[in-house]
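There are 2 protein chains.
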Amino acid sequence: MISAQSPQVQAKPGPDFNLRGYLEERRTLVEAALEQSIPVTYPEKIYDAMRYSLMAGGKRLRPILCLATCELLGGTIAMAMPTACALEMIHTMSLIHDDLPAMDNDDYRRGKLTNHKVYGEDIAILAGDGLLAYAFEYVVEKTENVAPEQLLKVVARLGHAVAATGLVGGQVVDLECEGLSNIGVETLHFIHSHKTGALLEASVLSGGLLTGADKETLQRLSRYAANIGLAFQIVDDILDVTSTRDVLGKTAGKDLQAQKITYPSLWGIEKSRQEAQGLVDAAKDELACYGERAIPLQAIAGYITARTH
Amino acid sequence: MISAQSPQVQAKPGPDFNLRGYLEERRTLVEAALEQSIPVTYPEKIYDAMRYSLMAGGKRLRPILCLATCELLGGTIAMAMPTACALEMIHTMSLIHDDLPAMDNDDYRRGKLTNHKVYGEDIAILAGDGLLAYAFEYVVEKTENVAPEQLLKVVARLGHAVAATGLVGGQVVDLECEGLSNIGVETLHFIHSHKTGALLEASVLSGGLLTGADKETLQRLSRYAANIGLAFQIVDDILDVTSTRDVLGKTAGKDLQAQKITYPSLWGIEKSRQEAQGLVDAAKDELACYGERAIPLQAIAGYITARTH
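Chain order of the listed sequences is P and D. If you read the first sequence in our numbering, its first letter stands for residue 447, the second for the next number, and so on. If you read the second sequence in our numbering, its first letter stands for residue 447, the second for the next number, and so on.
The following block holds chain P by itself, in its conformation from the complex (with noise of 0.2 Å):
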């Protein structure tokens, strides 16, 4: 557990680069900005029920990524946070929904009860949609010092990441999956670059766009955020079969129970394990170009394999 006290640390790409208390530093920065997105005003209880699930925790991957890279390509971490914070109100936004009794009917999340445990299925359909719709206001209106066109990029990406091109569709295809036992790989990467990957790509992209990064570097990063985004799944994968609740912080073994396919059910564990360290490998290489700027991406691609939660 990494502590939310403000940090000491100045953690800074290098050879002494310390890996843990970059993450601890950022997302108490990340932390302290969510904390401040969302006000509460009348009517207090969907201000409350997003609110709710916003501040729940979480390692805030998504909007450290977006801030990592804008920084890896010039730009700044006050340019990038209206962004980082609409990746994680957009994050939030398909929790609650994927919580839902219609959808993965789960009653715990990151140790808490879920939204509409808590609100009732009404408000916390509502507050998904109220957290999806601010993202968009948020970014435009609190984002300083980015060209309006890049902007505009980023706002249509963040867009095509949740549509049915993006979670949205990876979502439609793993309900329809469940219960089947005759998945092949092509359909679960189908699932997880959609329902995990396209939002963890915009995360990286974004804030490369924010920059107004060539058509080459957006294509690099691209590539580093597929392989992590799908190193990140397979562990996840692992995790639910290896790991017991009070440390996943949801009901363990529920892909097992669901019958859902996953890597470890195709691979096994060992092979999963080596696909994924593959992928982490491949995503650091990607930004060996960059030098020691790209310490912090190519560490936090080594994280999403040695995590452990």
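What the hints contain is simulated information worked out from the structure, not anything from laboratory work. Fair warning: there could be bad hints in the mix.
Claimed, not checked - Quick list of simulated restraints, FRET-style, between CB atoms: (1) Y554(P) with E595(D): 41 to 47 Å; (2) E721(P) with L626(D): 36 to 42 Å; (3) H635(P) with G460(D): 58 to 64 Å; (4) K588(P) with G658(D): 18 to 24 Å; (5) G658(D) with N464(P): 37 to 43 Å; (6) C735(P) with T522(D): 53 to 59 Å; (7) E738(D) with T522(P): 50 to 56 Å.
All C-beta atoms in this analysis are idealised placements derived from N, C-alpha and C, irrespective of residue type, glycine included.
Fit chain D to the given chain P structure using the hints.
Chain D alone, transformed into the frame defined by chain P:
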């Protein structure tokens, strides 16, 4: 029932203005653009579900308001059409989610089965999410010949109109008030100015923003929109009491069954009609300074109180 055939009319503002022909012409243009807006690809089910509700008819009032306002201020239909489509996608999302069992639990909408009755609750939730996210991508990707700064303002306004500051906030208060008999007119105004009014206002304002309208113009457009929005809701409430299901295409008398407070229940039918007429007259007056160019928007205002379904 207005025909969906390609229009022969070239309805122009002027003394001989033909509102029926104008609405038919614009509705046909909007239908054609919407038809093209969502191509079907894998996974087909979610695209089918989005298209099912998006192409389920309706007056296309929000898109038409956006186009008309853009033209009033010297812009073109082509400039505004992507925003017009995005407004209809957002409106459709709100209908799909409002109809869900956890919300208003409606089986019929515009004479057809509601989205979740056809595709299931899970897909209906995701179809709404998909439409909302895609609306933002679509407006950015498809809009041409508009200054990026102005397009960003359109994006922010769309987000504001849906979030807790707009229709989500209105729906929350509406749900909270269900079954309560001591709701005052201020609360009823809040519900409708948010649940219905916010997106109507965004329809009109976005048409203005696309042309780079100044602050004074935008304020005038806001007042026009607020007046027609409230008038629209009052007439809806009256029609719920006086119409039958065959005409409305939805379950009539539903407000009464659900014990919802409405304008007729607060004021009676006659005073409600008078209030709606007063609001329409005020809306028309706001645009008097534009002379003949304002005739379409003024006629649309008049149409709201004259409509019978």
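Worksheet item: Looking back at the numbered hints, which does the structure fail to meet, lowest number first?
Response: The structure breaks hints 2, 5, 6; every other hint is satisfied.
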